[in-house]
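Quick one: dock chain against chain with the hints and give me the complex.
Protein chains in written order, with our numbering: chain A, 1 to 157; chain B, 158 to 902.
To be clear, the hints were calculated from the coordinates, so they are not data collected in a lab.
Please note: incorrect hints may appear among the correct ones.
[Claimed, not checked] With a Cα cut of at most 27 Å, we get these calculated BS3-like pairs of lysine-lysine:
#	chain 1	residue 1	chain 2	residue 2
1	B	K617	B	K707
2	B	K362	A	K29
3	B	K753	B	K707
4	B	K523	B	K542
5	B	K857	B	K338
6	B	K887	B	K468
7	B	K520	B	K609
8	B	K465	B	K887
9	A	K4	B	K362
10	B	K481	B	K362
11	A	K54	B	K362
12	B	K398	A	K29
13	A	K29	B	K579
14	B	K447	B	K468
15	B	K447	B	K579
16	B	K542	B	K579
17	B	K609	A	K29
18	B	K362	B	K241
[Claimed, not checked] Computed footprint of chain A on chain B, listed as stretches where at least three residues anywhere in the stretch have a Cβ under 8 Å from a Cβ of chain A:
#	segment
19	213-227
20	342-355
21	361-370
22	806-817
Every residue gets a Cβ at the ideal spot worked out from N, C-alpha and C, and that includes glycine.
Residue-level listing of the chains:
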Amino acid sequence: MAIKLNVNNVAATVDVPPEMPLLWVLRDKLNLKGSKYGCGMGVCGACTVLVGGKAMRSCMTDVGSVGDRPVTTIEGLSPDGLHPVQVTWEALDVPQCGYCQAGQIMSATALLQHTPHPTDAEIDTAMSGNICRCGTYPRIRQAIHEAAQAAALAGSK
Amino acid sequence: MRLNRRSFLQLTALAGGGLALDLYRSPLAIAQSIGKPIDLAPQAFIQIAPDGAVTIMARASESGQGMRNMLPMLIAEELDVDWKDVHVQQAELNEKVYGPQFSGGSANTPMGWEPMRRVGAAGRQLLVTAAAQTWSVPETECTTKSGHVLHAASSRSLGYGELAAKAATLPAPALSSVKLKDPKDYRIVGHSQTGVDTHAIVTGKPLFGIDVELPGMLFASIEKAPVFAGKVKSANIDQIKAMSGVRHVLVIDGGITPAAYTPWEPGMEPGIAIVADTWWQAQQAREQLKVEWDLGPAATQSSVGFQKRAKELLAAKPGNTLRKYGDLDAALKSSAKVVEATYEYPFIAHVTLEPQGATAHWKDGKLEMWSTSTLPVDGRGLVAKTLGIQESDITTHMMRSGGSFGRRLQNDYLVEAAWIAKRVDAPVKLLWSREDDIAHDPFRPGGTVGLKAGLDAKGKLTAWRHHLVTFGDEKHSTSGGGIGRDTYPAGFAPSYELYTSAQPLMLRTGAMRAPGDNAYCWVSQSFIDEMAHAAGRDPLDFQLELLSNKQAPWTATGEDAVGDHEPSGQSVLIPERFKGVLELVAEKSGWANRPKTPGRGMGIAAWFCHLGYFAEVADVSVDAKNKVTVHQVWAAGDVGSQIINPGAAENIAFGGIIEGMSHMGQEITLEDGVIQQSNFHNHPLMRMRQAPKIEVYWRKTDYAPTGLGEPTLPPTLPALTNAIFAATGKRIHTLPLQKSGFSWA
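Excised from the complex, chain B in its bound form (with noise of 0.2 Å):
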């Protein structure tokens, strides 16, 4: 078992090229001790009470993924019980146990689906030796089903939990030995089962990170500079403390010195903390607070100053080559139509509904911690360093988040959490405001770049140049910035460039569902939509000739996706199964016969990535006042063998296609450092009226099951985009779409 890197390696790809090593720790770490496998025991997964009742462990964080369905799912499918009997708790933070427990990437399904079936198949073998020793019959005479061994030939059976004491005193099995069900026999896996948190959910049972109750519990809030980094000066501290509920107001110092690269996980970041008996009184003490801040270097960044010096970084010589093949400048020279297009996109937050948060409670030497974190490992480890204590005096809950979509992959609410409690002799909750939570996100980085294509006379494409204006230093990218070297159409164009050049930022960025991706494929998708239009092709027929093109070979370095497979060979985009997602959008939406009227107007894009192919098709109106109301998005999808649970798995494509048309309308600005933005007035999400009518599909392909998380993004904003182009001619060159004229009706 070994992580694919594909996924964590778009947050942190070197704008030069290599692999930095440092950049992003935990991943690796975690790489690395999956590179030794853990040899996972079913019975710290498994429980069976004597009356049968079966307890299945659910190792990944849960933030609505469905993590805690999906993987307890694989174990019951192989244990062979009935999902009625199951009941799944949240396992606490033990890697050395559980194995990898962050989710991210759209990881957990390939890291899971074949480790998960081997603990639950273990399990089932446990009890057929515990029954066969029972019986004093052969193993291979007895059978199992819905959580009972039966020997057929002495018509015996036996339940798991008259059999569970006796499996636990039998050593397990090595989880390579054990033999997995044919996926035709399937009971659970395939099947939709209602998520095990639903019911609480829908009865308002506390479940969330903001839920935690804890006797004696105080409430804590921060106050931060306007701008990224700024330390405290002075303050009305003795005027705060004395109001009423406030108990402490602590002056943190931070740990964050702004430079023109941010690392990923920078440091704490100054401010104030209030503590006070409702959170209610801390917010209150807070807007009494005078501070004087030294706003230090970050108070220089504008969006106007770095749209500037993109645009002059992009007409300067490109900073860092990442691929080039062919000779370019013979193709565009020789073609019959060269076009050129800048294209822009923003900073955008990524506003969580439930905001930032964590409590914490520092006892006796020790530190318990109820975490939101969806990379727990690191959360902990960050603590732990910034305490100044031992990892192995932390104890991390985890606790289900309102949503992360990347965010909670960073643990900095959580490090605040544990520093306050440390020093308060209660345990302690702290929450950001909705403001906070903007202000302070590791946002999706903005990016500018410029594209040059040529077509032949009979409309091929030639040739592709790419250049990425993105963030950093001359090392760096920004996190969520770099840019892979794989980036389609890299090896189908017959002659292609890519480069990246920086600018810096002193600001947190990170990683917004499908990271790079979210971004790189609107371009992509746009401009080949744009060459397609330009050769008066139809632009379904001119990707799938695009993909049709012999690949052009290369040898892949450390921040690609090829080399590191798992499942084997299925980080390399295979055309086949990109045309086959295209090909099959097309024949669900009616793209061949697709009415063409004046302000209404389909467009398709697709895309790979983190594993999964997802085309979408996008029917839109626009009217006199380019207003774009979405009539209906089709969405196919590639991502394997087997949608593990098809009701969520539709879900999750749902949520991946309206938060796509999400990313469309906002955007974060600066001015003297300040972002402008501070709530969901001014950085808006879909809402009911907008949403589309939405129908989803899958392609099944003898590929191991990957994720859903993030490969549902990315085709969404260029089908919209290309649809709107289709229904005006207009093209998009720069989003949010406001400031190509256009808004959501």
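Chain A with its partners taken away, still in its complex shape (with noise of 0.2 Å):
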């Protein structure tokens, strides 16, 4: 079955059956392999994505029910990886093995959109549902509070 989607502002065509999670489908049919495999059940956040502005696990997202939302992935949040919040997660080194990492942008991603300086409370209530292995989870809690100051200097001038 031929499903349109648009993906990174580009406009796809898959011919896969509606049922097939739209993670298998960016990472095998669309080559963006950026979005990570980690459980299959949405309770690790590896696969997190932006669909329609909002971060969902795309492990658990039929890619037929996507529709018309658009979908951003860490590839194309900025390939430069000139985004805010790819900026301070690089500046600070955040990553150990950095499977989880583009989960956890996209999760604080979505976070910043909607709370532009979140609190610590906050960051915990965004944030729990990405699963660090490593335990970056000190340098990611400073990285998006350091990425919201960023955001705030660069809209005051």
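Rendered as structure tokens:
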């Protein structure tokens, strides 16, 4: 079945069953390998992407349910890594193994879109669906605070 | 250069005390090859383009410990180039050229510190020689800076790029002959350098084993028996073959004979491999599989049975005496106070966030593999043996992996991918589901420990009796379930006895970050805290006094660390270093003036393993429902004279502490041989809301630098359970926390 998608502002058509999870369409049909498989049941967050601007677990999202909502993956956030969240992530050298970080960055991006200056408690709530097996949480928290500041500075110029 | 054996031997130490030379072949083979030093050629590690761009090969596998930075930084420092001009490239597997390429046992720092710097210095020497010959001046008049050779007397300078062609024609100097920098002149080492892959990670570039993409590639998933080594009797294979996207359905007979002792890399597990156009289709097909299994003898195993047998063994005469000195019975008899306790800890799974998998392509009698193994030379050997092919017909690409924590030292998934690829006319990517990854993990084995210790009238420790009930047969402890004769407080307790007993285990076990130590530290440091409180003394003072005791003399044998020193003398516990980290963490955490309020408490613990010393203090609250909040952890580490990449080192310490917390809430259980846990909802990891504030301090000492992956973790568990005791007066003798009535908030 031909399904139309808008991924990272590019129109794509994939011929797959509508119940195929968005994660596997992204990875194995559109060759966007940034979103990761970790649990297959929406409890680790490694597959997080933005669908219609909201953070979604792509492993639990049937591709047929996406409709005309735009999908943003880590590759579409900024290909050069210039999104403020990516910039602070790199500046603080957040990753260890790095496998969860695309999902962390997408969840953090969604958080900052709706809550430009999150408190620690708001970070806890928004980010506790994303597991980091390596334990980079202190750096992730710091990076979110710094990205919020950077965005505020950029906005005030 | 010799391999420090401590880290590996802790995986395989025999219950009876002897060294099993055949148990863990490859590290020993590596040790032997290292015993005959490989003459590393600087040209193999360093490439300099005419424009001065420098490529440095990273020899070790990378799974998040920062090896692609740490080892190349050592080369770049002595080569005397700017780090910004360096491009790091992962080496393919070729230990004849690169030396040891495994990442395990926190061994890369001690193994690489000297040789990698010498490789860089030899490269610099070649460039200096090339410049001196070009200018016809003595080499001694030449200096280097930022990728240039300088001749001050004539104000001349040549970039390394301009000298590279000439330097490449010169014979490389012997590594032992080159002069190394004074550490005070370091411009790369000791300065935080961002991970070489960090930009690719934050932009979602394909980097990991799971990201390999090859033309015409097929995807594989394997259904295995719910019980270890259970075999396929029959299955609806024809029906599955007819499903959409399915190309092949292959029955794996496997090569495991369940027995009381399950060796490291026991062989292929039986199952049914489904190869399809997409992994999702392979998984869909798996759901329709109907298999009749011959479950075999492992179906008789259960956690309840293990527990029952452990209690029986604990009450019986121990199976093996590992160490005995002093007159323990007399010391206990004359003690003012005797304390007994039994500690229990469970099996746990590695749960690397990237599940196990590999890609392989069999073509024209040659095999190409994309591997995430952290012991890739072992993987290549196993693949060759299993497939009946020559190692020389195998190429191994070393891919970054989404975490190892000891899991990827075993190569079962790599062998499976290669086995499937040999039967399929296309490249094949094998991926385990999360459920596969937990059910077929080489678990950290559980254990039960009986302890008995005495105090004299002044509250000094008089005796320590330690009986570990582990798994295995009468000769071998299961991997990860052996214990060294130097297990603290061995040597410091005035009288000491260490025993083991073992019960059969038909299950794959392995090395979990800080193998052995991740459990033994919790047991010993909890019981020391228990003894200090029984004596009515401050736990820090009690332990500092213990460490001041005259050490009991002893002679090391194979399974112990002593006698195989690399760097020299550092594999023996040095009390000054152990005390040093305890005193530093006490100072930083305000231990002496810690507040004493009901429901809140601080605990302290320390450990020595993998050549490193860590002490940690935890500050916790426990609410009325016994939910535990960790407010802060302070850590003090001594891994020698140099923190090579400070930012990454701090991050790894955060990780060790947070992983230690995760271990405290995890448990793998069996019923009728079936693992009861399946995913992160019932084998949880710590999450953002549970992560404490962490401060990490370094105590720099004159010893050669050593690794950080492992020693950061062990003290976390007892620091936390000792803190829970301080907050509640309740001693946790059983992990996970839930089994003692506590849970994470």
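Here is what the structure says about each hint:
| no. | hint | result |
| --- | --- | --- |
| 1 | B/K617 x B/K707 | holds (14 Å) |
| 2 | B/K362 x A/K29 | holds (16 Å) |
| 3 | B/K753 x B/K707 | violated (34 Å) |
| 4 | B/K523 x B/K542 | holds (14 Å) |
| 5 | B/K857 x B/K338 | holds (19 Å) |
| 6 | B/K887 x B/K468 | holds (22 Å) |
| 7 | B/K520 x B/K609 | violated (61 Å) |
| 8 | B/K465 x B/K887 | holds (24 Å) |
| 9 | A/K4 x B/K362 | holds (24 Å) |
| 10 | B/K481 x B/K362 | violated (56 Å) |
| 11 | A/K54 x B/K362 | holds (22 Å) |
| 12 | B/K398 x A/K29 | holds (22 Å) |
| 13 | A/K29 x B/K579 | holds (25 Å) |
| 14 | B/K447 x B/K468 | violated (39 Å) |
| 15 | B/K447 x B/K579 | holds (25 Å) |
| 16 | B/K542 x B/K579 | holds (13 Å) |
| 17 | B/K609 x A/K29 | violated (62 Å) |
| 18 | B/K362 x B/K241 | holds (21 Å) |
| 19 | 213-227 | holds (count 4) |
| 20 | 342-355 | holds (count 5) |
| 21 | 361-370 | holds (count 8) |
| 22 | 806-817 | holds (count 8) |
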